[in-house]
Amino acid sequence: MFTKTAHELHSLLINRKISSMELTEAVFARIEKVEDKVRAFVTLTKEGAIKQARAADERIKNKDGVTPLTGIPLAIKDNFCTRGILTTCSSKILANHLPAYDATVVHKIKAAGGVILGKTNMDEFAMGSSTENSGVHPTHNPWDLKAVPGGSSGGSAAAVAADEAVLATGSDTGGSIRQPAAFCGVVGLKPTYGRVSRYGLVAFASSLDQIGPLTKDVTDNALFLNFMAGHDVKDSTSVDLPVPDYQKSLVDNIKGMKIGVIRELLGKGIDTEVKEVFNRAVKKLEELGAKIIEISMPNFEYAVATYYLIAPAEASSNLARFDGVKYGHRTREAKDLLTMYNQTRAEGFGNEVKRRIMLGTYALSAGYYDAYYLKALKVRTLIKQDFEKAFNQCELLLSPVTPSVAFKIGEKSADPLAMYLSDIATIPVNLAGLPAISLPCGFIKDLPVGLQIIGPAFAEETILRAAYTFEQNTDWHKRKPALN
Amino acid sequence: MAISKKEVEHVARLARLGLNEEEKERMAKQLSNILDYADILKKIDTQNVPPTSYAIPMKNIFREDKVDPCLEIEELISNAPDLEAHMFRVPKIIE
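Residue numbers (our numbering), protein chains in the order written: chain A, 5 to 488; chain B, 117 to 211.
Same shape as in the complex, but just chain A (with noise of 0.2 Å):
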């Protein structure tokens, strides 16, 4: 029953075919089986989800306020506050803190009964796109043990993949949600900036990071995002609209639906065969009665350059917290307080946190802040207003969710600019703040390729429609990985 998704285990619960015991039970003896394999956890709560798993059983059995998240077993990014449990964001620097308070969205699961099995394993601070960079461990690609599984949110695409959560929650700056959900062949939603509340999670770059689901397919990526969505008071950035009830949005028809593909994404860089992938599944919705034009986006070969500038300049401003003084890591050389932040800060940060750190303080130091920082907020300007002018012509943009298929464990590690570059196709729909989806859409030699949908700011619902009618009419999110 650990295969099956969220909806479906819905019905099962209702019903009383199983109970959320039972189905919390048999999750934990596949995480025994399989978790030495993939390893997408780095700490597991079965104690509090046993609780809450009799809890999510008496409110069924009491019919008293069931979701469709009750007594579902899922897991959630190690960068979200949990109180009382760990949360360390894969980083040496937070490996004992304990937060004193829940994320608004850990909070808005809780209250609807879900059932948390742990934290996944991330890029440190989410800073990574293959889960290497963790300050714990490497997670392994459920589809072939030896790649990775994508980043940063690579623990919670590995878990669900494997069948290891139903459900997980991920944050996405550059790509994190999406680029490890394309890795792993499952369904991950980045939504607009400010439609999910970052109350709690912890903050790498905060004009692009943005809350949202990893699942099994659409529906539950729908049913996810309703418990997630909506305005909060304890973050500025969250937009007060009304939520509509995203599984409203799935319905199998998308006739006459206006879609472009962008032709700067299936250029140099990207493989040849993830386009021809790619091709096969842009006739399918020509098939299905979209009607398919090319869009350009002519600033989309800067976004790359302009995000590894503001992205590390908000997050070299974040990170200065972590200073040994009120939580986290302390150095224990430290006669003097200025040895203590630099010793406890070059203990505590692994090398990719530090060469972002770096790159951030230069970009925004004397004598570089207008050439480099300035500099790139301007073309994110440019890079929005392309955006801007192509849905004019169309509801929807399509490209690939990577240039590749997973990439071997080690294979980029060494090359940050390399790493840097696979993000091409996610940068630019965080640099204009918009909702974006990845969902499996074919295969290469049994590794997963992505299909992105993307679309103006808070059209959730026209995306979700696109990615339900293309999902029921293939069958791609039905496969499984082999585990070996």
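Read the hints as simulated data drawn from the structure, not as lab findings.
The model shown is predicted, which means the values in this text are computed figures rather than measured ones.
Every residue gets a Cβ at the ideal spot worked out from N, C-alpha and C, and that includes glycine.
Don't take each hint at face value.
[What the hints assert, rightly or not] Some chain B residues close to chain A (C-beta under 8 Å, calculated; not the full set):
{"hint": "1", "residue": "Gly134"}
{"hint": "2", "residue": "Leu135"}
{"hint": "3", "residue": "Glu137"}
{"hint": "4", "residue": "Ile150"}
{"hint": "5", "residue": "Ala154"}
{"hint": "6", "residue": "Ser169"}
{"hint": "7", "residue": "Tyr170"}
{"hint": "8", "residue": "Ile172"}
{"hint": "9", "residue": "Pro185"}
{"hint": "10", "residue": "Glu188"}
{"hint": "11", "residue": "Leu192"}
{"hint": "12", "residue": "Asn195"}
{"hint": "13", "residue": "Lys208"}
[As the list claims (entries may be wrong)] Think about it this way: if two alpha-carbon atoms lie no more than 25 Å apart in a straight line, the pair counts; the simulated PhoX-like pairs of lysine-lysine are:
{"hint": "14", "chain 1": "B", "residue 1": "Lys159", "chain 2": "A", "residue 2": "Lys393"}
{"hint": "15", "chain 1": "B", "residue 1": "Lys158", "chain 2": "A", "residue 2": "Lys393"}
{"hint": "16", "chain 1": "B", "residue 1": "Lys158", "chain 2": "A", "residue 2": "Lys382"}
{"hint": "17", "chain 1": "B", "residue 1": "Lys140", "chain 2": "A", "residue 2": "Lys339"}
{"hint": "18", "chain 1": "A", "residue 1": "Lys238", "chain 2": "A", "residue 2": "Lys112"}
[As the list claims (entries may be wrong)] What follows is a set of in silico ranges between Cβ atoms, one per label pair, in the way DEER data are often shown:
{"hint": "19", "chain 1": "B", "residue 1": "Lys121", "chain 2": "A", "residue 2": "Lys8", "range": "51 to 61 Å"}
{"hint": "20", "chain 1": "A", "residue 1": "Lys272", "chain 2": "B", "residue 2": "Asn164", "range": "25 to 35 Å"}
{"hint": "21", "chain 1": "A", "residue 1": "Gly293", "chain 2": "B", "residue 2": "Ser148", "range": "44 to 54 Å"}
{"hint": "22", "chain 1": "B", "residue 1": "Lys122", "chain 2": "A", "residue 2": "Lys8", "range": "54 to 64 Å"}
{"hint": "23", "chain 1": "B", "residue 1": "Lys140", "chain 2": "A", "residue 2": "Gln251", "range": "49 to 59 Å"}
{"hint": "24", "chain 1": "A", "residue 1": "Lys8", "chain 2": "B", "residue 2": "Asp161", "range": "53 to 63 Å"}
{"hint": "25", "chain 1": "B", "residue 1": "Ser148", "chain 2": "A", "residue 2": "Lys259", "range": "48 to 58 Å"}
{"hint": "26", "chain 1": "A", "residue 1": "Gly260", "chain 2": "B", "residue 2": "Lys140", "range": "51 to 61 Å"}
{"hint": "27", "chain 1": "A", "residue 1": "Gly69", "chain 2": "B", "residue 2": "Glu190", "range": "56 to 66 Å"}
{"hint": "28", "chain 1": "B", "residue 1": "Lys122", "chain 2": "A", "residue 2": "Asp374", "range": "31 to 41 Å"}
{"hint": "29", "chain 1": "B", "residue 1": "Glu125", "chain 2": "A", "residue 2": "Arg58", "range": "50 to 60 Å"}
{"hint": "30", "chain 1": "A", "residue 1": "Asn283", "chain 2": "B", "residue 2": "Val183", "range": "51 to 61 Å"}
{"hint": "31", "chain 1": "B", "residue 1": "Val183", "chain 2": "A", "residue 2": "Gly52", "range": "28 to 38 Å"}
Got chain A; can you put chain B on it based on the hints?
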């Protein structure tokens, strides 16, 4: 453009980040590499382009000046590496 080891040391000082010699060398090379790549932005004319800090329009949020329930102080400070009487102890600042 190449970043010198001296510049790396300056930026590390600003960032309060201790780096050993090997890290300084590596950082100089890698940052130079990344910033060389970022130089492609220089060829774009952005003279009349306004900067975008947030992609979605933002406005200031105000609330009434009243006390709401707050987090448990004991629980919050229990994460501190060195505490004394509800205060964070740090190495001596003033000689």
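Which numbered hints turn out to be false for this structure? Violated hints (numbers, rising): 3, 9, 27 and 28; every other hint is consistent with the structure.
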